[in-house]
Each structure stands twice: as C-alpha cells, then as structure tokens.
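Here are the chains, one letter per residue:
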Amino acid sequence: MNAGAADPSGATAPGVPDALPHEADGGWHRVHPLTPAVRSWQVVVVVLVVVAQDWGQAAARGERGPWPDGGPIPGFGVLPAVGGVGLAVLLVVVMAWLSWRVTRYRVTQDALELHHGVISRRQRRARLDRLQAVDVVQPLVARVVGLAKLSVEVAGGQDSKIELAYLTFDQAQQLRNHLLARAAGVRYDTVHAPEAPEHQMLQVPVDRLIGSLVLSGPTLLLTVTALGLAGATGWLRSPAPVAGTVPLLLGLGSLLWQRFARGFGFTAATSPDGLRLRHGLLEHRTQTVPPGRVQAVRMRQPLLWRRPDWWRVEVNVAGYGRGGDERRETESVLLPVGHREEAMAVVAFVLPDLTVAAPDDARTVVSAAMSGSGTGNGFVTCPRPARWLDPLAWRRNGFRVTEEALIIRRGWLHRQVDFVPHARTQSCGVRQGWLQRRLGVASFHLHSTPGPIVPVVPHLSTADAATLLAEQSERARRARAAAGPELWMEPYADGPAGPVADADQ
Amino acid sequence: MSTPGTLRGGEPFEPAGVVWSPVSGRLASVRRLVICVPPLLLALVPVVAGLLLSLAWLAALAVLPLLLAGWAWWLVGRQIRAWGYAERAEDLLVRHGVLLRSIVVVPYGRMQYVDVQAGPVDRLFGIARVQLHTASAGTDAWIPGLTAEEAARLRDRLASRGQARLAGL
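Going down the list, the protein sequences come from chains A and B.
Just so you know, we're using my numbering here: the first sequence kicks off at 1 and counts up by one.
Just so you know, we're using my numbering here: the second sequence kicks off at 1001 and counts up by one.
No lab work stands behind these hints: they were computed from the structure.
Just so you know, even glycine gets a beta-carbon here, dropped at the ideal spot from N, CA and C.
Some clues are possibly wrong.
Claimed, not checked - As a list, the in silico SDA-like pairs of lysine to any residue whose alpha-carbon atoms are at most 25 Å apart: (1) Lys161(A) / Asp1115(B); (2) Lys161(A) / Gly1119(B); (3) Lys161(A) / Gly1138(B).
Unchecked claim - So the derived list for chain B, only partly shown, Cβ under 8 Å to chain A, looks like this: (4) Glu1090; (5) Leu1099; (6) Val1106; (7) Pro1107; (8) Arg1129.
So that you can see chain A by itself, here it is in the shape it has in the complex (with noise of 0.2 Å):
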C-alpha cells in the first residue's frame, strides 16, 4: 500500500515515460500506455462472446425471440441488459488503465524491479545474475500495434517471472539486451546495450513440420478414430457415433493446431549471450537461454520419425514451464523437429564441453546414444534379468558418463537421451521396488530442476547403481566447485568472442 506513494515515480514518470535510451538509468518507468487498450481488448471481447453466446442458444432454442420481446438476459429488458454488460466493460477498461497507472518498473545496476497491482500491491525485485532466462513475446494484438511484452525468467518458487506488459518491440529488445549484458557481467558506455552479433544456426520448415505433425501420436488417433467411425456409421446406418466421437475430434484438431501455431517459423540462432530462439504464428516469441543456464537436456524420437531420422530437443531451464503443459511445451523446446545433424548441434550449443575421453569423440558417442544399443562407446547398460521388466528397451537403456556430463539412453520404440551436466546436477538416489529387489536391479534418479526432463536409469544391476551413485555424488561436487561464475562473460571481458567459438561443431 505504502509503496506506490512513497517511491519518487509521481514525479519522474509523466517527464519520461517511453523516451528510448533509458534502460539503465535506474528511474522508474511506466509500460506502453497503449498496454490498457491491449489488455482489456482480450477482456472485452470474452465478455461481448459470451453474451453472444447465451443470446444465440437462447435465440436457437427459440425459447425466446430476439431481443425486441425478451432481452439477452432472462428477466431484463433490453436497456438494462446493454446497460448492465457495458458496466461490465466499463469497469474492465477502468481497471485495466488502474493497473496500467500503478504499473512501474526500473532497472538498477543489479536488479530488475517491478511494481503493480490495483487492489493489493506487488513489488517485485529481481537480481540479474541469478536471471536465467528473458523471453520477448508478441500475442497477436500486441504485435499488430506494435508491442511486446518482456518475461524475465529467474529461478524461484512457484511463479518467478517478472513480465513487462507492453513495451514497444524496440524497447523490450534494448531492455532485453542490457538485461542479458548485465547478467552476463559485460560493462558497455553506449547508450544502448550492444546486441549481440547473432550466427543462424537452424530453422524448421514449414513443410517438416506439418510431417512431424502428420506422423505424431495425435494425427494417429484421428486417423484411427476416423476409419472407426467411417466403418461405424456404415454398418449401423446412422451418424450416432459421429456425434459421440465430436469431442475427441475437437481435441485432437485442437492439439495439433497448437502444436503447428507453436513451432511454426522456428528458427535457432546461437550468439554470445545465449541461444535465440524464434517461433510462433500468432503469438510470436523470442526466447534467449544463456549458456550455463541448462539444467538438462533430452533427445526424443518417436517411432514414426525414425524413418526421416528426426529429432525433437527439449530442455529444463529452472523457472520454464511452471504453470502447466502448454506453457512447458512453448517455453522448454530447443528444436521442435529436425535432423540428427541439427539435433546434435543445438545440444552441441548448449552444453559446449560435453567432454569424452580419448578413444571415443562425442559424437560417436552422442549419436551411440541417439540410435545404439549394448555396451559399446562406454555405455553400461541393464543386466539380464532386467529382461523381465522392460524386455524390449533392456538392452539400450542404460548410461554413459562423460567429463562434463551424464548422459542417459533410454527406449526401444520411442527413443530419447538425456544430457545431465554434472554441474548442474541438484541430488541423487536410487529406488528399488520389491520385484527389482528380487532381480537384483535398481532405478537410479537424477534430480534436476522442474521441467519436461526427469533424467532416471532403470532397472541398473545393484552394483553398477551403486557405484553411479556414489561417483555422480562425488562427480557433481567437484563440477560445482570448479563451475564457471555467474556472470559467465566476464572471463572474456576484452570482446564478446567467449562461447560461441565452438558452437558451430
């Protein structure tokens, strides 16, 4: 309560509200004061659909004419009704310019600070360098005027984003930019954080991912879902099934509209200050992960996409993906889909010294684990008597441990790797179930940040599952002790040249 009238921002904020060159000079600023108009458009048109709504099943039930004789609303007429929902907007547009009147943020040396709220007040500080992660995102409207809104990722509890609801695209970039220097320890004089030089590394084509689409799990079920109810209606001689199979239909079309909407126009490029992600047809995104803010790493491939050997990349990056399946699957994807070559290189990116003792070279033994099987390249796979627990996978499953990481092969029909760094490794420990116990096997768990990956060896034989756990312990201190700062361009403090150098392996 106290906040918003004691801080200086009164006085500063009408002076310069969205001047460009201001991201750092610690003041308060006001978002775009288009955000109101942005936000409640969303709210209103909710509000106009669902009014629509009511009155049209009304309308075709026909229990009630059109307006003239009974209103929208049972039991009003229509004056109070038009009155009552233009209230209704009313009050959403008034407490949306509020909201955008309390909304305040400012940029420190070494923090991101954010103030809002109508009823209660929030002040939110953020400190740059435990960022982990800045998002520049466009929903459709915002990005028909123009705007964006910033999502500072730093990792926390529950919900520890810091979103800047609008700014312009060019001002949430040069926000983005200074944010991301700053975490990574890099001092500059010019007004402007320099953007960092970008190398294009990929992109998805359309083409590809409508065939990742056409042969995933969903189109599969349609497919089937489909013949079913062609055979169906045929014999019966009627459209009952149709209709009981509608919302399924629906589901299914919806799913994978979201999926071709999310990855369309994927593109990755590598530059200094993290992986630049791309992607989005309606809602636009640009993802920046930092180096050294990977927490995990996984391959999978699905059998259908053995054929054209493609491969999808997820990652757990601490702070993406909480709040639900849809934002996990547009926040935690490095590469929707491509080839093994594309596939390597994005992994090859993000963890750069994926070390490998002398005789094997890590891409034997990456692509050992992306399509092998059995113990070859350093692999220690299951026992024999894993067979009775998981009697096709028993033979690939298993793991390898290399300088920098672990890196862990699983699945026989539906194939994926992960990639833990050691030094990102948060604990460790092994299960064993009653019949593993029989068996003589037990599951070894690597716990790492939340996020689509949970990296997990099973059915180990006890001694090998031992031994991982007492070296992984051993293994993730001593990475840790010897991890890099978190201001990780400081060691290259003469030019931005640091980590990219061998990006393009």
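Go by the hints and put chain B onto chain A.
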C-alpha cells in the same frame, strides 16, 4: 569419513563406512496410534453387538480387525526401522522404505531451504519432521520423527553447512 568411493560397488542401500542414525521410536507410537485405533474401534462393534444380542459367534468377527491392527502394528515397526539418515562431510544421506526402498544423496551446497514441521499429534509426542528442498522437485529427502531437539539441531547444522557450500543453480 566420506572418502570418495566409499559407496562403491555392492549394495546401494548399505554404503560401506556410513553410520546411520535412526529416527525416534516415538514416531512408531504416533503412527501406531493413527493406524491401529480405527481397526480397534471397528473390533468393538461386533463385540458389543454380540454382547447385546448374546450371540457369541458375532463377537468372533472382531478377530479380523484385530488381525489387521496387529499386521499394521508390525508393519509400522518395520517401516520405522527402515528409516535412516547420515550426515557426511559434503552431503546428507536419507534412506527409507521396505517394499520400495529408496536412498537419496543431497549435497549441502544444493540445499535451498529446510522445513521443520510438526502436526498436533507429533507435538503431543514431541517429534518433528525435517524436509530438505533443493531446486529440484524430485528431491524427496525428508526425515520424519526426529525429536524436537534433534530436528532443531539438524536444521541449524544443515543451514550452516549449506551456507558454507552454497552454489548457484
């Protein structure tokens, strides 16, 4: 005490050279109270009904809940004996479980915060539960049934050790 590789080989749940601290026996009392009281009450029903209706065979039905209570009593004992924790130089080990056995190694430097909880029944018996949190939701390292003093000691010790070895994510 914790030279690297002391866990190497053999049994993952019985690492060599680790001295396990057990949890308090009072936890067994709490759990037995919570688990065994409902079947015992249930056992009263046929007994009372048998007495009222003077049907002896009805009272014999009380054997079933009594057996259940006895089995739960025994099971709780086994579960409590399976719990153990060990403070090593760099990490804390926690193990538990009879049918599904589990051991977790939590490095002090990874600890984000430590929770100490005690419900009303726990407080009655003077015990508490200590839970360790890392940045991972998968870390299921919690120790139930520590005496209040031991819980406080462990909490402070873990906090100070975590402070000394704190690392970023």
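Evaluated hints:
1. Annotation: proposed proximity of Lys161(A) to Asp1115(B) holds, straight-line Cα distance about 24 Å (limit 25 Å).
2. Between Lys161(A) and Gly1119(B) the alpha-carbon distance is near 33 Å, which puts this suggested pair outside the 25 Å criterion.
3. Proximity of Lys161(A) to Gly1138(B) is assessed by CA-CA distance (about 21 Å); at most 25 Å being required, the pair is judged to hold.
4. For Glu1090(B), the interface hint holds, the least distance from its beta-carbon to any beta-carbon of chain A being 6 Å, beneath 8 Å.
5. For Leu1099(B), the suggested interface contact is upheld, since its CB lies about 5 Å from the closest CB of chain A, less than 8 Å.
6. Look at Val1106(B): its Cβ gets to within about 4 Å of chain A, closer than 8 Å, so that hint holds up.
7. Among the interface hints, the one on Pro1107(B) holds; its C-beta lies about 6 Å from the nearest C-beta in chain A, closer than the 8 Å criterion.
8. Given hint, Arg1129(B) at the interface with chain A, is violated; its Cβ is 18 Å from that chain's nearest Cβ, farther than 8 Å.
Going through the hint list in order, the structure does not satisfy hints 2 and 8.
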